[in-house]
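2 protein chains.
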Amino acid sequence: MDAIRFTVEAQQDQARAGVLTTRRGVIETPVFMPVGTAGTVKGIRFEALESDDLDAKIILGNTYHLWLRPGIDVIKSAGGLHAFTSWDRALLTDSGGFQVWSLGALRKISEEGTQFRSHVDGSLRFLSPEISMEVQAALGSDIVMVFDECAPGEASHDETERSMNLTARWAKRSKTAFDQLQSDGADTGRREVECLSGAQALFGIVQGAGHLDLRRISLQQTVSIGFDGYAIGGLSVGEEKSVMFEVIEDIAPRMPQNAPRYLMGVGTPEDLVEAVARGVDMFDCVLPTRNGRTGQAFTSRGKLNIKNAQFTNDSRPLDESCRCSVCRRHTRAYLRHLYIAGEMLASILLTHHNLAFFLDTMRGVRQSIRSGDFPKFRREFTERLGANGE
Amino acid sequence: MDAIRFTVEAQQDQARAGVLTTRRGVIETPVFMPVGTAGTVKGIRFEALESDDLDAKIILGNTYHLWLRPGIDVIKSAGGLHAFTSWDRALLTDSGGFQVWSLGALRKISEEGTQFRSHVDGSLRFLSPEISMEVQAALGSDIVMVFDECAPGEASHDETERSMNLTARWAKRSKTAFDQLQSDGADTGRREVECLSGAQALFGIVQGAGHLDLRRISLQQTVSIGFDGYAIGGLSVGEEKSVMFEVIEDIAPRMPQNAPRYLMGVGTPEDLVEAVARGVDMFDCVLPTRNGRTGQAFTSRGKLNIKNAQFTNDSRPLDESCRCSVCRRHTRAYLRHLYIAGEMLASILLTHHNLAFFLDTMRGVRQSIRSGDFPKFRREFTERLGANGE
Numbered sequence: 001m002d003a004i005r006f007t008v009e010a011q012q013d014q015a016r017a018g019v020l021t022t023r024r025g026v027i028e029t030p031v032f033m034p035v036g037t038a039g040t041v042k043g044i045r046f047e048a049l050e051s052d053d054l055d056a057k058i059i060l061g062n063t064y065h066l067w068l069r070p071g072i073d074v075i076k077s078a079g080g081l082h083a084f085t086s087w088d089r090a091l092l093t094d095s096g097g098f099q100v101w102s103l104g105a106l107r108k109i110s111e112e113g114t115q116f117r118s119h120v121d122g123s124l125r126f127l128s129p130e131i132s133m134e135v136q137a138a139l140g141s142d143i144v145m146v147f148d149e150c151a152p153g154e155a156s157h158d159e160t161e162r163s164m165n166l167t168a169r170w171a172k173r174s175k176t177a178f179d180q181l182q183s184d185g186a187d188t189g190r191r192e193v194e195c196l197s198g199a200q201a202l203f204g205i206v207q208g209a210g211h212l213d214l215r216r217i218s219l220q221q222t223v224s225i226g227f228d229g230y231a232i233g234g235l236s237v238g239e240e241k242s243v244m245f246e247v248i249e250d251i252a253p254r255m256p257q258n259a260p261r262y263l264m265g266v267g268t269p270e271d272l273v274e275a276v277a278r279g280v281d282m283f284d285c286v287l288p289t290r291n292g293r294t295g296q297a298f299t300s301r302g303k304l305n306i307k308n309a310q311f312t313n314d315s316r317p318l319d320e321s322c323r324c325s326v327c328r329r330h331t332r333a334y335l336r337h338l339y340i341a342g343e344m345l346a347s348i349l350l351t352h353h354n355l356a357f358f359l360d361t362m363r364g365v366r367q368s369i370r371s372g373d374f375p376k377f378r379r380e381f382t383e384r385l386g387a388n389g390e
Numbered sequence: 001m002d003a004i005r006f007t008v009e010a011q012q013d014q015a016r017a018g019v020l021t022t023r024r025g026v027i028e029t030p031v032f033m034p035v036g037t038a039g040t041v042k043g044i045r046f047e048a049l050e051s052d053d054l055d056a057k058i059i060l061g062n063t064y065h066l067w068l069r070p071g072i073d074v075i076k077s078a079g080g081l082h083a084f085t086s087w088d089r090a091l092l093t094d095s096g097g098f099q100v101w102s103l104g105a106l107r108k109i110s111e112e113g114t115q116f117r118s119h120v121d122g123s124l125r126f127l128s129p130e131i132s133m134e135v136q137a138a139l140g141s142d143i144v145m146v147f148d149e150c151a152p153g154e155a156s157h158d159e160t161e162r163s164m165n166l167t168a169r170w171a172k173r174s175k176t177a178f179d180q181l182q183s184d185g186a187d188t189g190r191r192e193v194e195c196l197s198g199a200q201a202l203f204g205i206v207q208g209a210g211h212l213d214l215r216r217i218s219l220q221q222t223v224s225i226g227f228d229g230y231a232i233g234g235l236s237v238g239e240e241k242s243v244m245f246e247v248i249e250d251i252a253p254r255m256p257q258n259a260p261r262y263l264m265g266v267g268t269p270e271d272l273v274e275a276v277a278r279g280v281d282m283f284d285c286v287l288p289t290r291n292g293r294t295g296q297a298f299t300s301r302g303k304l305n306i307k308n309a310q311f312t313n314d315s316r317p318l319d320e321s322c323r324c325s326v327c328r329r330h331t332r333a334y335l336r337h338l339y340i341a342g343e344m345l346a347s348i349l350l351t352h353h354n355l356a357f358f359l360d361t362m363r364g365v366r367q368s369i370r371s372g373d374f375p376k377f378r379r380e381f382t383e384r385l386g387a388n389g390e
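Order-wise, the sequence lines are chains G and F.
Numbering-wise, the first sequence is residues 1 to 390 according to this note's numbering.
Numbering-wise, the second sequence is residues 1 to 390 according to this note's numbering.
No wet-lab data here; the hints were simulated from the structure.
Note that the coordinates shown come from a computational prediction; the quantities given were computed from them, not determined experimentally.
Treat the hints with caution; some may be incorrect.
The list that follows gives simulated cross-link-like pairs (lysine-lysine, BS3-like), each with its CA atoms no further than 27 Å apart [stated by the list, open to error]:
id: 1; chain 1: F; residue 1: 241; chain 2: F; residue 2: 175
id: 2; chain 1: G; residue 1: 307; chain 2: F; residue 2: 42
id: 3; chain 1: F; residue 1: 307; chain 2: G; residue 2: 42
id: 4; chain 1: F; residue 1: 42; chain 2: F; residue 2: 303
id: 5; chain 1: G; residue 1: 42; chain 2: G; residue 2: 303
id: 6; chain 1: G; residue 1: 376; chain 2: G; residue 2: 42
id: 7; chain 1: F; residue 1: 42; chain 2: G; residue 2: 42
id: 8; chain 1: F; residue 1: 376; chain 2: F; residue 2: 241
id: 9; chain 1: G; residue 1: 241; chain 2: G; residue 2: 175
Which residues of chain F face chain G? A partial, calculated answer using Cβ under 7 Å [stated by the list, open to error]:
id: 10; residue: 313
id: 11; residue: 329
id: 12; residue: 334
Backbone N, C-alpha and C define an ideal beta-carbon position, used for all residues, glycine too.
Please work from the sequences and hints to get the whole structure.
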């Protein structure tokens with residue numbers, strides 16, 4: 001049995017509704033993956049993620065963060081990241097490539113890999129395709145990402161080309177190391193009974209910044225290596241939004257039809273819907289959780305900053321169209337009070353609602369593609385978002 | 001109908017098991033009340049408080065905090081504190097007396113009341129028995145506390161006597177103001193249909209620091225005014241633990257047999273069991289929530305500091321005897337990681353477990369009194385607590 005299987009079941013223009021089957025459950029696509037950086041989706045209990053309210057089928061973990069803390073030995077000793085965190089559904093781990101790249105001046109990139117200083121204890125560390133694969137094997141995630149290099153949004157053609165070619169060489173090395181680990185039945189960090197070769201899937205990443213010609217070459221390089229799924233990386237890193245959509249529009253439809261297409265680190269609810277319209281199947285983004293902690297709610301009528309004085313006596317829920325447990329129970333006035341008083345419950349409740357809104361949006365997207373109403377859904381969704389005009 | 005009714009249904013030596021009936025449900029005593037200072041029991045959702053795991057029947061709100069923020073107008077406009085927070089079960093509010101007393105140099109006490117500077121915005125505020133009753137009426141709590149003055153743990157006899165007599169005069173003024181508000185059918189902050197006279201109960205507070213003669217006089221003064229319940233205040237404020245238990249042992253059994261006896265602001269699980277043995281029915285304390293946020297777990301085998309390195313790979317739950325959702329699901333290793341990584345989920349989960357342990361302990365206390373096994377429960381509980389010896 002393959003680690004994953006993917007089938008497109010309905011398509012409307014470029015938008016696809018499909019099914020991604022993993023050993024840990026069936027995931028309907030397009031899907032949004034909440035980000036669980038350090039082994040927790042910040043501010044939310046796993047019971048809530050599993051509840052009907054959210055029903056997240058797959059979450060993301062960060063190799064960089066988990067490798068540095070608590071460290072691989074601790075997670076291996078627990079039997080892998082699923083067992084360590086008690087999350088029994090699907091997990092995707094990134095490769096750490098983006099995180100070490102984000103360290104900026106603190107890292108040094110060579111052909112071999114990236115040297116950097118840990119943000120936890122300042123120690124000198126080194127991450128490479130081979131090490132990233134080993135770490136992700138120990139984490140035992142269901143979907144592993146290749147170790148890549150990201151070019152800045154404003155990178156020149158030359159600079160981007162150099163970076164893209166490095167990514168291609170790293171992708172090859174990632175694949176080789178991954179295949180070796182899988183065929184060795186390497187310690188994936190899972191309990192013995194699950195210690196199977198072929199338990200993990202590997203996704204390649206297309207780079208090339210805003211340069212469409214390079215993006216196409218990168219796609220070709222990646223597909224020629226051959227992966228279980230393909231991601232578009234290096235977007236939402238400072239480029240104009242129009243550039244981002246240009247890349248997605250050009251690249252997504254050219255990606256293999258029968259493999260999942262994953263847009264990394266994007267975006268707002270409208271970004272998600274627009275990217276689906278261009279053929280993307282999978283998303284992750286910290287916006288619902290991070291912005292929840294800073295008092296920003298995503299609603300069907302646009303964003304809402306709960307700290308605003310206008311909500312002092314507002315007895316309405318965050319989103320009158322939302323049926324999540326927070327909107328069924330709590331008023332804006334109460335949530336504002338919690339936020340202003342610095343109460344943790346503000347973050348907990350806003351995070352819950354924001355995740356519910358993102359996951360619900362994707363539910364609507366999937367249904368509308370299957371019923372042939374996606375263009376209508378997309379139009380109405382976008383119009384409503386402008387209603388509050390914030 | 002009275003605001004509350006109280007019946008002792010079983011007694012073993014001084015320990016009592018009873019039923020406190022309020023308009024918002026039946027509360028079995030002895031009972032522990034989680035502290036919801038600013039309209040939230042910190043770090044925990046109301047759904048969790050209501051779940052079988054915790055099933056808290058009554059929580060506490062702080063008049064001082066809520067009066068300063070969000071302010072009474074906001075809470076009144078929502079229809080009272082129950083509606084504002086969405087908590088539909090019983091609520092007890094303290095009077096603000098203890099909080100303003102705790103401000104130390106920032107407050108000035110006179111016959112009329114206490115002047116102090118708000119910790120929120122530094123503004124000069126004044127709280128008196130009459131104002132406290134008005135604020136608590138607006139909050140619409142089920143149990144209102146008189147406005148009292150607390151003497152420090154080490155206060156001299158003279159100082160304590162002066163303070164105790166002031167408390168007695170304030171108790172009388174509290175009662176007069178409370179009765180007036182109730183008979184006026186004052187705006188209790190509740191929605192019209194519930195805006196009944198007699199909707200609230202009023203408890204008196206016995207003061208007198210560690211001086212037993214003064215404690216007895218204070219009890220007499222309080223009982224002679226006549227309240228729906230009686231509290232022991234001014235303990236756990238810096239005095240020796242032996243002094244605290246001397247006071248409880250002397251005073252609790254002298255308190256009216258047919259009214260609830262409430263020990264304010266106490267204490268650890270062992271304090272609760274020991275105070276029950278001396279005749280106390282109600283408790284509140286910030287320990288389970290506050291210590292949960294600093295990484296301390298209360299367990300049946302004593303306290304446990306989750307940050308300790310010894311838990312790095314510990315795959316056991318916090319408390320192997322606990323059946324709460326945290327202990328059923330998460331290991332000490334995972335909780336330690338969350339705490340060390342500064343993840344909010346550490347506070348959320350430790351708070352949940354600690355509350356479960358406190359509430360479960362009281363469940364065991366009630367059952368054992370009813371079955372006639374309280375001495376055995378008390379002995380075994382205390383022995384087990386020493387097991388970890390932390």
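Hint by hint, here is what the structure shows:
1. Among the hinted pairs, residue 241 of chain F with residue 175 of chain F is inconsistent with the structure: their alpha-carbon atoms are about 32 Å apart, more than 27 Å.
2. For the proposed pair residue 307 of chain G and residue 42 of chain F, the alpha carbon gap of about 19 Å is at most 27 Å, so the pair holds.
3. Between residue 307 of chain F and residue 42 of chain G, the direct Cα distance comes to roughly 19 Å. Compliance with the 27 Å bound is thereby established for this hinted pair.
4. Taking the CA atoms of residue 42 of chain F and residue 303 of chain F, the gap is about 20 Å. The hint holds against a cut of 27 Å.
5. At roughly 20 Å between alpha-carbon atoms, residue 42 of chain G and residue 303 of chain G fall within 27 Å of each other, so this suggested pair holds.
6. As the CA atoms of residue 376 of chain G and residue 42 of chain G are separated by approximately 34 Å, the hinted pair breaks the 27 Å bound.
7. With a C-alpha separation of about 16 Å, the suggested pairing of residue 42 of chain F with residue 42 of chain G holds against the 27 Å cut-off.
8. Restraint check for residue 376 of chain F and residue 241 of chain F: the C-alpha separation of about 23 Å stays at or below 27 Å, so the hint holds.
9. Distance check on the hinted pair: residue 241 of chain G and residue 175 of chain G sit about 32 Å apart at the alpha-carbon level, beyond 27 Å; violated.
10. Because the closest C-beta pair between residue 313 of chain F and chain G is about 5 Å apart, less than 7 Å, the hint holds.
11. Because the closest C-beta pair between residue 329 of chain F and chain G is about 5 Å apart, less than 7 Å, the hint holds.
12. At about 6 Å, the closest approach between the beta carbon of residue 334 of chain F and any beta carbon in chain G falls short of 7 Å, and the interface hint on this residue holds.
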